[in-house]
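In case you want the letters, here they are:
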Amino acid sequence: MAGAFWCVVEDDRKGAAKKVMAEVLGEATRLGGPVEAVWLTDKATDDGLKQLGEWGATKVWLLENAGLAPYRGEVWVPALAELVAKESPKAILAPVTSRQREFMARLAARLGVGLSADSVSLAMDGDTLVATRPIYAGKLLSKVTWAKRPWLATLRPNVFKPAEAQAGKSAAVERVSATLAAAQMKLVERREEASTGLPELTEAEIVISGGRGMKGPENYVILEELGGVIGAAVGASRAAVDAGWRPHRFQIGQTGRTISPKLYMGFGVSGAIQHLAGMRTSKVIVAINKDPEAPIFKIADYGIVADLFEVVPELTKEFKRLLEK
Amino acid sequence: MKILVLVKQVPDTATQVKIGGDGKQIDPAGITWIVSPYDEFAIEEGLRIKEKRGQGEVVAVTLGPDRAKETLRSALAMGCDRAIHVNDPALAAADTLTTARVLAAVIKQEAPQLVLCGRQAIDDDVGAVGAQIAEVLGWPCASWIMEETVDADAKSVKVGRQVEGGLEIFELPLPAVLSAQKGMNEPRYPTLKGIMGAKKKEIKDLKAADLGVASVTPELTITKLEALPARPPGRVIAGETKDAVKELVRALREDAKAI
Numbered sequence: 131m132a133g134a135f136w137c138v139v140e141d142d143r144k145g146a147a148k149k150v151m152a153e154v155l156g157e158a159t160r161l162g163g164p165v166e167a168v169w170l171t172d173k174a175t176d177d178g179l180k181q182l183g184e185w186g187a188t189k190v191w192l193l194e195n196a197g198l199a200p201y202r203g204e205v206w207v208p209a210l211a212e213l214v215a216k217e218s219p220k221a222i223l224a225p226v227t228s229r230q231r232e233f234m235a236r237l238a239a240r241l242g243v244g245l246s247a248d249s250v251s252l253a254m255d256g257d258t259l260v261a262t263r264p265i266y267a268g269k270l271l272s273k274v275t276w277a278k279r280p281w282l283a284t285l286r287p288n289v290f291k292p293a294e295a296q297a298g299k300s301a302a303v304e305r306v307s308a309t310l311a312a313a314q315m316k317l318v319e320r321r322e323e324a325s326t327g328l329p330e331l332t333e334a335e336i337v338i339s340g341g342r343g344m345k346g347p348e349n350y351v352i353l354e355e356l357g358g359v360i361g362a363a364v365g366a367s368r369a370a371v372d373a374g375w376r377p378h379r380f381q382i383g384q385t386g387r388t389i390s391p392k393l394y395m396g397f398g399v400s401g402a403i404q405h406l407a408g409m410r411t412s413k414v415i416v417a418i419n420k421d422p423e424a425p426i427f428k429i430a431d432y433g434i435v436a437d438l439f440e441v442v443p444e445l446t447k448e449f450k451r452l453l454e455k
Numbered sequence: 097m098k099i100l101v102l103v104k105q106v107p108d109t110a111t112q113v114k115i116g117g118d119g120k121q122i123d124p125a126g127i128t129w130i131v132s133p134y135d136e137f138a139i140e141e142g143l144r145i146k147e148k149r150g151q152g153e154v155v156a157v158t159l160g161p162d163r164a165k166e167t168l169r170s171a172l173a174m175g176c177d178r179a180i181h182v183n184d185p186a187l188a189a190a191d192t193l194t195t196a197r198v199l200a201a202v203i204k205q206e207a208p209q210l211v212l213c214g215r216q217a218i219d220d221d222v223g224a225v226g227a228q229i230a231e232v233l234g235w236p237c238a239s240w241i242m243e244e245t246v247d248a249d250a251k252s253v254k255v256g257r258q259v260e261g262g263l264e265i266f267e268l269p270l271p272a273v274l275s276a277q278k279g280m281n282e283p284r285y286p287t288l289k290g291i292m293g294a295k296k297k298e299i300k301d302l303k304a305a306d307l308g309v310a311s312v313t314p315e316l317t318i319t320k321l322e323a324l325p326a327r328p329p330g331r332v333i334a335g336e337t338k339d340a341v342k343e344l345v346r347a348l349r350e351d352a353k354a355i
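Just so you know, the sequences run in chain order A and B.
Count the first sequence with our numbering and you get residues 131 to 455, in order.
Count the second sequence with our numbering and you get residues 97 to 355, in order.
Chain A with its partners taken away, still in its complex shape:
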């Protein structure tokens, strides 16, 4: 069947593709390809283009124009829609990030096609794509399919198996000269958050999280210390955020961030449904809680029933010892 799998590139705004693109390109390859990247940017670097090739893109459609930064839906959507009309890809995939989430929704409306948002699995069923996505706070999975092509889907980060970079493989770069629509929105400023020195919550491979059992904002320092040792992002439950102990951007759960790390460790987190909604697709779940009845133990792979204030320092010490080896 004609048409390629297009993977919309999420970049670091400095000309390199983000690591999550290995997952998107890897999945497009697994689905049978052909795999092509589309990159809307004000600046692509050679290294970025090379990386996309090594991750499996055979072609990169490059829309490089100063007007494409920052992301604005009213500029990006018509530019890509025009290319879609010319090239008829069979699918357009993108990782779930702040801008792709909105961009893909707008693009779907422009193209008049369906969008499977936050997909956790994709599979071909004969000639059609079937996506699986969590609904109702992750309590159920929904299988969805499209009435027509292109099939649009966003992919939850850290869920799909990343492509292994293959040295020497490269993508043909096709430069697309698009006439850009006038921007309606104007970027006034970017306010960077004070860096914690730890990874971003949604991108981290290890996430540790503190709940009501942390007892107060001053105690998160012990989690940050542990996070520093193992390279983990530090999150919080809604109870802790609503108590004002942590800013909302650290909240994991239904009204916060959805994460899917390799390792999640909850400290003094009870495991309310609303929290589970944001972390239940984590690969390995560890729960530390004084209360043996805490619901989080039901989904945990490993648990210790103990006071977190005794466990955390020991854990930090033990990991330090292990990682120094």
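These are calculated hints, taken from the structure and not from any lab test.
One should not assume that every hint holds.
Computed list of chain B residues with no C-beta within reach of chain A, every gap over 12 Å [unchecked claim]: (1) 98; (2) 125; (3) 221; (4) 302; (5) 308; (6) 329.
Going by beta-carbon spacing under 10 Å, a handful of chain A positions derived as facing chain B [stated by the list, open to error]: (7) 216; (8) 229; (9) 242; (10) 296; (11) 297; (12) 299; (13) 300; (14) 321; (15) 325; (16) 385; (17) 417; (18) 430; (19) 435; (20) 452.
Distance windows between CB atoms, simulated [claimed, not checked]: (21) A:143 <-> B:282: 48 to 54 Å; (22) A:354 <-> B:326: 31 to 37 Å; (23) B:282 <-> A:392: 32 to 38 Å; (24) A:325 <-> B:282: 26 to 32 Å; (25) B:327 <-> A:437: 37 to 43 Å; (26) A:175 <-> B:188: 29 to 35 Å; (27) A:218 <-> B:269: 30 to 36 Å; (28) B:251 <-> A:325: 46 to 52 Å; (29) A:242 <-> B:285: 38 to 44 Å; (30) A:392 <-> B:313: 39 to 45 Å.
Beta carbons: idealized from backbone N, C-alpha and C, even for Gly.
Once you've looked at the hints, dock chain B against the given chain A.
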């Protein structure tokens, strides 16, 4: 200034959801329904804009079956001036794009300067409708808004959009669509007076035909709902804290290969 707030009725997070007989929808029996939490931030923000300006109108709009009226009553009790209920069995299987087209048609009729919605409804968790409405109308939109300031002439709005690692501050000409993120405000509770008053406020009923919505064929179809695959049984590590921690670290390293 006229503000439209889009709201959706969803099952309470704590409600147990069961797959219905057709395997494609949930069984509605025994579900407690609430206003989707993000929509409450949108309602609150709409009311605050009106209060700050000292004039204006805040209209709550929903697409849903008969029971969705409760959600409009909640919005009216919080302080919205009136409500619009698009209630049509022909729209029961509406996907996000159909929903966006229907709501865009309501917006065209009402011609507000600002449309507010939640960043996503917590039932199907798609989070596309706000952006899709903007696309259908050709309006600018900004998603996951943490703050906003409408200028004095109601010609533009400055918003703080939550992105990875910070906030992007954008200026948008009005009319525009904004989707609310948690942290933007603290929604008020309806007062007793508000609840009583809500009963007298107008709720206008609309059908798909009133909106000139032609096709309601969904672009995305649910073929099947499934329960979550069970996680393998976990292991509680007993013993003295020190030993338990040692064993946990060993297991994470050697058995789970997670670190």
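Verification of the supplied hints:
Residue 98 (chain B), annotated as away from the interface, keeps every beta carbon of chain A farther than 12 Å; the closest lies near 20 Å. The claim that residue 125 (chain B) lies off the interface holds: its Cβ sits roughly 15 Å from the closest Cβ of chain A, which is beyond the 12 Å cut-off. Taking the minimum C-beta to C-beta distance to chain A, about 6 Å, the non-interface status of residue 221 (chain B) is violated against the 12 Å cut. With a least CB separation of 21 Å from chain A, residue 302 (chain B) remains clear of the 12 Å interface cut-off, as annotated.
At roughly 17 Å from the closest C-beta of chain A, the C-beta of residue 308 (chain B) stays outside 12 Å, upholding its exclusion from the interface. Its closest Cβ contact with chain A, about 9 Å, brings residue 329 (chain B) to no more than 12 Å, contrary to its assignment away from the interface. A cut of 10 Å between beta carbons decides the hint on residue 216 (chain A): the least distance to chain B is about 20 Å, and the hint is violated. Using the Cβ-Cβ criterion of 10 Å, the hint placing residue 229 (chain A) at the interface with chain B is satisfied: the shortest such distance is roughly 7 Å.
For residue 242 (chain A), the shortest C-beta to C-beta distance to chain B is roughly 7 Å, which falls under 10 Å, so the interface hint holds. At a threshold of 10 Å, the smallest CB-CB gap from residue 296 (chain A) to chain B is about 24 Å, leaving the interface hint violated. The criterion of a C-beta within 10 Å of any C-beta in chain B is not met by residue 297 (chain A), whose closest approach is roughly 25 Å, and the hint is violated. Hint on residue 299 (chain A) is violated. Least Cβ distance to chain B is approximately 28 Å, over the 10 Å limit.
The restraint placing residue 300 (chain A) at the interface with chain B is violated, with a minimum CB-CB distance near 28 Å, outside the 10 Å limit. Interface hint at residue 321 (chain A): satisfied, since its Cβ lies 4 Å from the closest Cβ of chain B, which is below the 10 Å cut-off. Annotation: interface hint on residue 325 (chain A) holds; nearest CB of chain B at approximately 8 Å, less than 10 Å. Hint status for residue 385 (chain A) relative to chain B: holds, with the closest Cβ pair at about 5 Å, below 10 Å.
Interface hint status for residue 417 (chain A): upheld, as the beta-carbon distance to the closest one in chain B is roughly 8 Å, under 10 Å. For residue 430 (chain A), the interface hint holds, the least distance from its beta-carbon to any beta-carbon of chain B being 5 Å, beneath 10 Å. Interface hint status for residue 435 (chain A): upheld, as the beta-carbon distance to the closest one in chain B is roughly 6 Å, under 10 Å. The interface hint given for residue 452 (chain A) is met, as the beta carbon of that residue sits about 6 Å from the closest beta carbon of chain B, less than 10 Å.
Between residue 143 (chain A) and residue 282 (chain B) the CB atoms are about 33 Å apart, so this pair departs from the stated range of 48 to 54 Å. A C-beta distance of roughly 34 Å is found between residue 354 (chain A) and residue 326 (chain B), which places it inside the suggested range of 31 to 37 Å. Checked against the hint of 32 to 38 Å, the C-beta distance between residue 282 (chain B) and residue 392 (chain A) comes to roughly 35 Å, which is consistent with it. For residue 325 (chain A) paired with residue 282 (chain B), a C-beta distance near 28 Å keeps the hint of 26 to 32 Å intact.
Checked against the hint of 37 to 43 Å, the pair residue 327 (chain B) and residue 437 (chain A) fails, with Cβ atoms roughly 25 Å apart. Checked against the hint of 29 to 35 Å, the pair residue 175 (chain A) and residue 188 (chain B) fails, with Cβ atoms roughly 49 Å apart. Evaluation of the 30 to 36 Å hint for residue 218 (chain A) and residue 269 (chain B) yields a pass: the beta carbon distance comes to about 34 Å. Between residue 251 (chain B) and residue 325 (chain A) the C-beta distance comes to about 36 Å, which lies outside the given range of 46 to 52 Å.
With their beta carbons about 41 Å apart, residue 242 (chain A) and residue 285 (chain B) fall inside the hinted range of 38 to 44 Å. In this structure, residue 392 (chain A) and residue 313 (chain B) meet the distance hint of 39 to 45 Å, their C-beta atoms being roughly 41 Å apart.
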